[in-house]
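Asks: So you can see what is in the structure, the chains are spelled out below.
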Amino acid sequence: MERNGEMRAYVLGAIGVALLVWGSWWGLFWAPRESFMGDVQRIMYVHVPVAWNAMLALTFAFACALASLLRGGWKWDSRLEAAMEVGVALAVLLCILGSIWAKPTWGVWWDWDPRLTTTAIMVSAFAGILALRHFVDDPVKRATWSAVAAIVAFVDVPIVYFSVRWWNSLHQLQSSPETVSRAFHWPLRINAFGILFLMAGMIDLRARVAALRLEGELAPPLPESGREGVR
Amino acid sequence: MQLVAAVHKDLLLQWRGRAQAIAIFVFGATSLLLFSFAIGPNAEALRQHAAGFIWLALLLSSTLTLAESFQSEMEEHALEGLLLLPADARALYYGKALANWAQLTLLGVALVPLTVVLYDAPLPRAGGLLGIIMLGAAGLSGPGTLYAAMTSQTRAQQTLLPLLLFPLVVPVLLASVKATSLLILGDPMGQLRSWTILLVCFDAIHWSVCGLLFDRVVED
Numbered sequence: 001m002e003r004n005g006e007m008r009a010y011v012l013g014a015i016g017v018a019l020l021v022w023g024s025w026w027g028l029f030w031a032p033r034e035s036f037m038g039d040v041q042r043i044m045y046v047h048v049p050v051a052w053n054a055m056l057a058l059t060f061a062f063a064c065a066l067a068s069l070l071r072g073g074w075k076w077d078s079r080l081e082a083a084m085e086v087g088v089a090l091a092v093l094l095c096i097l098g099s100i101w102a103k104p105t106w107g108v109w110w111d112w113d114p115r116l117t118t119t120a121i122m123v124s125a126f127a128g129i130l131a132l133r134h135f136v137d138d139p140v141k142r143a144t145w146s147a148v149a150a151i152v153a154f155v156d157v158p159i160v161y162f163s164v165r166w167w168n169s170l171h172q173l174q175s176s177p178e179t180v181s182r183a184f185h186w187p188l189r190i191n192a193f194g195i196l197f198l199m200a201g202m203i204d205l206r207a208r209v210a211a212l213r214l215e216g217e218l219a220p221p222l223p224e225s226g227r228e229g230v231r
Numbered sequence: 232m233q234l235v236a237a238v239h240k241d242l243l244l245q246w247r248g249r250a251q252a253i254a255i256f257v258f259g260a261t262s263l264l265l266f267s268f269a270i271g272p273n274a275e276a277l278r279q280h281a282a283g284f285i286w287l288a289l290l291l292s293s294t295l296t297l298a299e300s301f302q303s304e305m306e307e308h309a310l311e312g313l314l315l316l317p318a319d320a321r322a323l324y325y326g327k328a329l330a331n332w333a334q335l336t337l338l339g340v341a342l343v344p345l346t347v348v349l350y351d352a353p354l355p356r357a358g359g360l361l362g363i364i365m366l367g368a369a370g371l372s373g374p375g376t377l378y379a380a381m382t383s384q385t386r387a388q389q390t391l392l393p394l395l396l397f398p399l400v401v402p403v404l405l406a407s408v409k410a411t412s413l414l415i416l417g418d419p420m421g422q423l424r425s426w427t428i429l430l431v432c433f434d435a436i437h438w439s440v441c442g443l444l445f446d447r448v449v450e451d
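Chains as they are written, first to last, in this note's numbering: chain A, 1 to 231; chain B, 232 to 451.
By construction, these hints were calculated from the structure, which means they are not laboratory data. Treat each hint with caution, since some may be false.
To be verified - Now the stretches of chain A that chain B is said to cover, found in silico as 3 or more residues with beta-carbon under 8 Å:
(1) 117-126
(2) 192-201
Unchecked claim - One side of the interface only, derived from the structure: several residues of chain A facing chain B at Cβ under 10 Å:
(3) Leu212
(4) Leu214
(5) Glu215
Stated by the list, open to error - So these bits of chain A aren't anywhere near chain B, every CB distance computed over 10 Å:
(6) Ala9
(7) Pro32
(8) Ala131
(9) Val148
(10) Trp166
(11) Trp167
(12) Ala211
(13) Glu217
Beta carbons are placed, not taken as given, at the ideal position from N, Cα and C, and that holds for glycine.
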């Protein structure tokens, strides 16, 4: 059972890597050259899927935080930790990829545009919660506090976005298969699913690591009788 | 009734610890002095940035006020004692948040004359500015009180409170700075209303969400 679960994470990761290689190959060598930006536009095939999946990971973290508070299972705490870590890593990658794309097209590495600024603020907010987890030794308090902080941070994201949008704006409309030409669809879709599978595998594996650490912390004695099994 | 008792207790605590409040004011004033060194002695630039400086000074000082507000509750398990009375956790949260809001509002008001003197900023309409300071201070104290309750029980609380609070209150900082700047430098496009609405929405959402979640933070 244990081995099967671990295997699932590796299989998901392997499917993700295979799709990423396929999609990136298509994007780099088969997809046509974009007429205005030239070859630099090809970074879209990773930048946009990373953006979607970073948001997805952090939304999943929010769902785990709600489940952890309302239902109280330890598995939700492990998943919350995993989803936040993977989400923050993807959001950092998103900022780096965005900067690499921004320099040749906008002429600057960074701009105080709503989406960029909101992503940077989200990174620091969720990184703060990860730091909080490291400084709380009691697993019960750690689970509750990080779930509370994740809910408050997630609720704040739309307000941050609107406040920064009123403050300044430059970013183009977000790219999706509907807003780009048909010739660019497939690499974008394949890479989006590639990163999705890779992310799912990483969250699964990271949640297992978190659960193993919890097992060590909780045994014995269990601090609460109401909490269900660790995994 | 419990809320009134909680507010009374927290205001009394702040009054008795007023030496600390004065020290925090001195910290805010020193920050205002230091910001001007980053810009240089350019009177026009200083006037332009006056609103930003006053809110940055208030934001930095707020972490001291918020952390201090839970320090006494942690001594000899005072908070646990209150919860065992049993006092309602929400009343304790709103009492603490209201007391922090009052202290931050006072601090903001006290920093205004200093800004006028140091940066030669024109004195804005007192009523409008007081309203923005009250709304901005509420935006800091609402989530700040919740986070202070958590971080006061952790190691590295001095690092964690600003780390958690600063990204969260970006909308408060933006809206308060813009609104104060419009009050100081003029508002020909009538933007003040939008920023005020943003502050009201932030305060309403965070005071409700944090009030709902506070009992989980202190009771677990």
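Asks: Quick check for students: does the CB of Trp167(A) sit more than 10 Å from each CB in chain B?
Replies: Answer for Trp167(A): violated, closest chain B Cβ roughly 6 Å.
Asks: Confirm or reject: Pro32(A) is not an interface residue toward chain B, with every Cβ-Cβ distance exceeding 10 Å.
Replies: Non-interface label stands for Pro32(A): nearest chain B Cβ at 40 Å, farther than 10 Å.
Asks: For the region 117-126 of chain A, do at least 3 residues have a Cβ located nearer than 8 Å to some Cβ of chain B?
Replies: Holds: 4 residues of the region 117-126 of chain A have a Cβ under 8 Å from chain B.
Asks: Are there three or more residues in the region 192-201 of chain A whose C-beta lies within less than 8 Å of some C-beta in chain B?
Replies: Answer violated; 0 residues pass the 8 Å Cβ test.
Asks: With 10 Å as the threshold, tell me whether Glu217(A) passes as away from chain B on beta-carbon distances.
Replies: Correct as stated: the minimum Cβ-Cβ distance to chain B is 16 Å, above 10 Å.
Asks: Minimum Cβ separation between Ala131(A) and chain B greater than 10 Å?
Replies: Nearest chain B Cβ is 6 Å from Ala131(A), so the label is violated.
Asks: Can we trust that Trp166(A) is non-interface, i.e. its beta-carbon lies farther than 10 Å from all of chain B?
Replies: violated (7 Å)
Asks: Does Ala211(A) really sit off the interface, with its C-beta more than 10 Å from all C-beta atoms of chain B?
Replies: holds (20 Å)
Asks: Regarding the hint that Leu214(A) lies at the interface with chain B, is the smallest CB-CB distance below 10 Å?
Replies: At about 16 Å, which exceeds the 10 Å cut-off, the nearest Cβ of chain B leaves the hint on Leu214(A) violated.
Asks: Closer than 10 Å between Cβ atoms is the bar; does Glu215(A) clear it against chain B? Give me holds or violated.
Replies: violated (20 Å)
Asks: Against chain B, does Ala9(A) keep a CB gap of more than 10 Å to every residue?
Replies: holds (30 Å)
Asks: Does Val148(A) sit more than 10 Å from chain B, CB to CB?
Replies: violated (5 Å)
Hint compliance for this structure: hints 2, 3, 4, 5, 8, 9, 10 and 11 are broken, all remaining hints hold.
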